[in-house]
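K.L.:
One-letter residues, chain by chain:
There are 2 protein chains.
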Amino acid sequence: MSFAKLDDHLRKIEALEHALAILGADEATHMAVGGGEKRAEAMSTLAGIHHARATAPEIADWIAAAEGEALNEEQQAALRELKRAYTNLTCLPAEFVERQMKARMRCEQLWRDLRAKNDWAGFLPALEGVVALVREEAALRAGVLGLDPYDALIEQYDPGNRAADIAPVFDALKTFLKDFVPQALAVQEERLAKAPRRPLAGPYAIDRQRELGLAMMGAIGFDFTHGSLSVSHHPFCGGVPTDVRITTRYKTSDFLSALMGVLHETGHALYEQNLPKQWSHWPLGKARGMAMHESQSLFVEKQIGRNPAFWQWALPQLAQHLGEQWTMAEILPHVHHVERGLIRVDADEVTYPLHVILRFELERELVGGKLAAADLPEAWDAGMRDYLDLSTIDNPADGPMQDVHWPAGLFGYFPSYTLGAMMAAQQWAALKKENPSADDDLAAGRFEAIADWRRKNIWSQASRYSTPELLERATGEKLNAAHFTAHLKARYGA
Amino acid sequence: MSFAKLDDHLRKIEALEHALAILGADEATHMAVGGGEKRAEAMSTLAGIHHARATAPEIADWIAAAEGEALNEEQQAALRELKRAYTNLTCLPAEFVERQMKARMRCEQLWRDLRAKNDWAGFLPALEGVVALVREEAALRAGVLGLDPYDALIEQYDPGNRAADIAPVFDALKTFLKDFVPQALAVQEERLAKAPRRPLAGPYAIDRQRELGLAMMGAIGFDFTHGSLSVSHHPFCGGVPTDVRITTRYKTSDFLSALMGVLHETGHALYEQNLPKQWSHWPLGKARGMAMHESQSLFVEKQIGRNPAFWQWALPQLAQHLGEQWTMAEILPHVHHVERGLIRVDADEVTYPLHVILRFELERELVGGKLAAADLPEAWDAGMRDYLDLSTIDNPADGPMQDVHWPAGLFGYFPSYTLGAMMAAQQWAALKKENPSADDDLAAGRFEAIADWRRKNIWSQASRYSTPELLERATGEKLNAAHFTAHLKARYGA
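Quick note, the sequences are listed as chains A and B, same order. Under UniProt numbering, the first residue of the first sequence is numbered 1, with each subsequent residue one higher. Under UniProt numbering, the first residue of the second sequence is numbered 1, with each subsequent residue one higher.
These are calculated hints, taken from the structure and not from any lab test. There could be a bad hint or two in this list.
Identical chains blur together in the list; that is why a pair holds if it fits in one copy or across any two.
Said to hold, decoys possible - Here are the computed lysine-lysine pairs in the DSS-like style, where the Cα-Cα straight-line distance is at most 30 Å: (1) LYS277 with LYS370; (2) LYS102 with LYS12; (3) LYS5 with LYS102; (4) LYS102 with LYS277; (5) LYS194 with LYS102; (6) LYS370 with LYS178; (7) LYS102 with LYS251; (8) LYS12 with LYS174; (9) LYS194 with LYS433; (10) LYS5 with LYS432; (11) LYS178 with LYS194.
With the rest of the complex left out, here is chain A:
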């Protein structure tokens, strides 16, 4: 039976993915510094074996044969999603993939060097090469998938999302934020004028910060029999669903940065740990995509972790683990700090979407051929001035050279961040409709009912539906920026 053959084949592929995921997490957490070269060789060999097996031509034959077999509804869904994933994985010619990989790697290496030197002119030719190739990629994918070119790129990260649906939602959000950011800053200024911010004093011992993080992870539902917390330079959630590796990094002068990082990665981890285990080796059983994944991390970090109700429960935890008493009035100005800045990854939840919308608008035009890479510094600067009243014209390192995504050839990924933030707000609103006492639950440290809602509506559904379908089934409506703007107004407004 071909379905059984696929099942067997996918188990082998899962084993290779397991090895790659653990080796990757290990590299960032426990590897000796001199082990990198051999590790890269090992992972590249494994990735090659994995790619060969995941794109094996017999998979197409087995899928075709299995479509004629008597399958139950779940098996049919598994087959559909496998076909989609296989098509996306095999629609580029091997010659093109190799050419593109080389250009991306060279551009990314160059970027690491030249960003530090603020050398846009030196960087531009490599970026132009990557942009030319991504246009070619988008056209190739579009031809196979029957989508617009930019949508064909998005499809790899968030199946079913379309720029034509995203753009009006982003436009509405942008219009709102251009007014709202100055308001939120004025509100903040007024509050701080009345009561200055209590500084984070420290030093906060790392082992105590770690214990605090572990206590919160456990309370929120992280399963320590299937995961762990360690340290890395850049926080991440990696590993495999049966052994989820999350990391943070500690500063002894500030307990909040590590803690909010732990909450964010815990959100990713809960999704992975609660996926349906029996389908773990099929695309059907994997997390839906980048936007949905980000909605899960932001749900825990922003909807739960920066909710004032949460801090009623959290303050005694702080006192217990750090030995320091904070009041609500003292902690919230830190948790809800808003600031205009040039750097996306440092941005707060109010200003962050403007960074993303700028990138979405620019990369859509780049892919569509309406903008040349050479014109990015001016376009970027114009956007930043319009959206955040900041200029980057003399500072491309913190402008269009800021992120690794474009040098690495990742176009279509940026929208996921803000889509995730909006989806998290929409999920919280839907959950509150069903469970009006959710804030009381947070204040009392009761996280079970909230997790149950997410397990039923998101986690257990894995990749059964497209991103917009999954959101609509979970929340009862299509993506709606109003939930996110209402959330921001309630938290940061007058």
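Fit chain B to the supplied structure of chain A, relying on the hints for placement.
P.N.:
What follows is chain B alone, placed relative to chain A:
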């Protein structure tokens, strides 16, 4: 060129070995407890891919073709050693390997359960099955290699070692120890009667013990850019030469047990870290075998780490890291404690060889068909009474059910432990001949000259020679028990 094809193929195999080694070390140190099942699937899939590539029939063709190519002396050595390894790896029919693997796994699982219950009768049928298969294996290997059956098993662990050479050396050692153990115990008793042992008080904080271990590792030559120390239930040295993972386990009541474990594993690690890097993917570039590896760990643990001169340097280290002052007269009774016991892994360096010699004698007869598994309890008890004046007749759990080796089908491995101890003593004697101030070096914490001797004579030679050839080249003579007995007499005699 076939040599180049082999080189390329071996690099791919090394990548798979890298993945398996890191996944294995990770499983024992950082894996979440619930991650075991998927990890086993991943490693079993990888091991299957590795085995298929390492035994690929084209390797035989490439070796044959390369033998006709113009190769330098080192390449010829590499080809010879590859041929030897390939022959050992491929000389069993796949059907047999599968049958044996199943019997071993069942027997090992049964052993874990029934040893705890002291149930020899329940365990015997499974062990009989494994013994029958190991006899079959030995005959198959012997036929291909032209060796005696038991030697054909040893050949996998210590190439070139032969039971006919080992037996007389073990006999001489046994004769010596049967007299010497009572003497050493009497000497110890007399000393303790004069000055009772100062107890290890504790508690010794784990992070301080860890710092002490790291300081000693670093002083002895462990390269922290290519390795690390962590914690596991059973101490081991794993990972890969560019990233050697050693572990220990801590008791807060006793700093010596973790520390001596760290020194032992550091000995293994130095060997791995100092192998010739350019040959790391060829069998030529790997450590010679189990006995030579054990000689390197025991060199650091026993010849260096239990040497009184070493403790002149080490006592101030103890004081610094643990905050506790010890005198030589106080610490040496702990470092040189001798005790008759039933358990091999708990034995000291005086009594340990008798545990091994007993196993060597019994397994040689088991493989040779002169002893039946059913007769093991009586034979074991007779040996223990003769060698150590202890009985195990009512206690098979601590007799022939004591070790995992036989249930796991590992016959021919046990001699390596005591061969390693003897080789370490012989190496130390040879080193002292060249460098008479070696003890002064230890007392002053100077480990470079000692490491240089080992690098030149052992580590850099990797698998260029057979085990006995390597020993003879390094020390100028064949295996000679006199160095080990002289070492014991000097340290434990009157």
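K.L.:
Evaluate each hint against the coordinates.
P.N.:
Do the hints match the structure? See the list:
In this homomeric assembly, LYS277 and LYS370 never come within 30 Å of each other (Cα to Cα): the closest approach is 45 Å inside a single copy and 51 Å across copies. In this homomeric assembly, LYS102 and LYS12 come within 30 Å of each other (Cα to Cα) both inside a single copy, at 28 Å, and across copies, at 20 Å. In the homo-oligomer, the alpha carbons of LYS5 and LYS102 lie at most 30 Å apart only across protomers (24 Å), although the nearest pairing inside one protomer, at 34 Å, exceeds that limit. In this assembly of identical chains, LYS102 and LYS277 lie within 30 Å of each other by CA distance solely across copies; the values are 27 Å between and 36 Å within a copy.
In the homo-oligomer, the alpha carbons of LYS194 and LYS102 never lie at most 30 Å apart, since the shortest distance is 56 Å inside one protomer and 75 Å across protomers. Within a single copy, LYS370 and LYS178 get their C-alpha atoms as close as 25 Å, which meets the 30 Å cut-off; across copies the closest is 90 Å, which misses it. In the homo-oligomer, the alpha carbons of LYS102 and LYS251 never lie at most 30 Å apart, since the shortest distance is 37 Å inside one protomer and 51 Å across protomers. With identical chains, the CA atoms of LYS12 and LYS174 are never at most 30 Å apart, being 46 Å at best within one copy and 51 Å at best between copies.
For the homomeric pair LYS194 and LYS433, neither the shortest alpha-carbon distance inside one copy (35 Å) nor that between copies (81 Å) is at most 30 Å. Neither within a single protomer nor between protomers do LYS5 and LYS432 lie at most 30 Å apart by alpha-carbon distance, with minima of 44 Å and 64 Å respectively. Taking CA atoms no more than 30 Å apart as the test, LYS178 paired with LYS194 passes inside one copy only; the shortest distance there is 26 Å, against 87 Å between copies.
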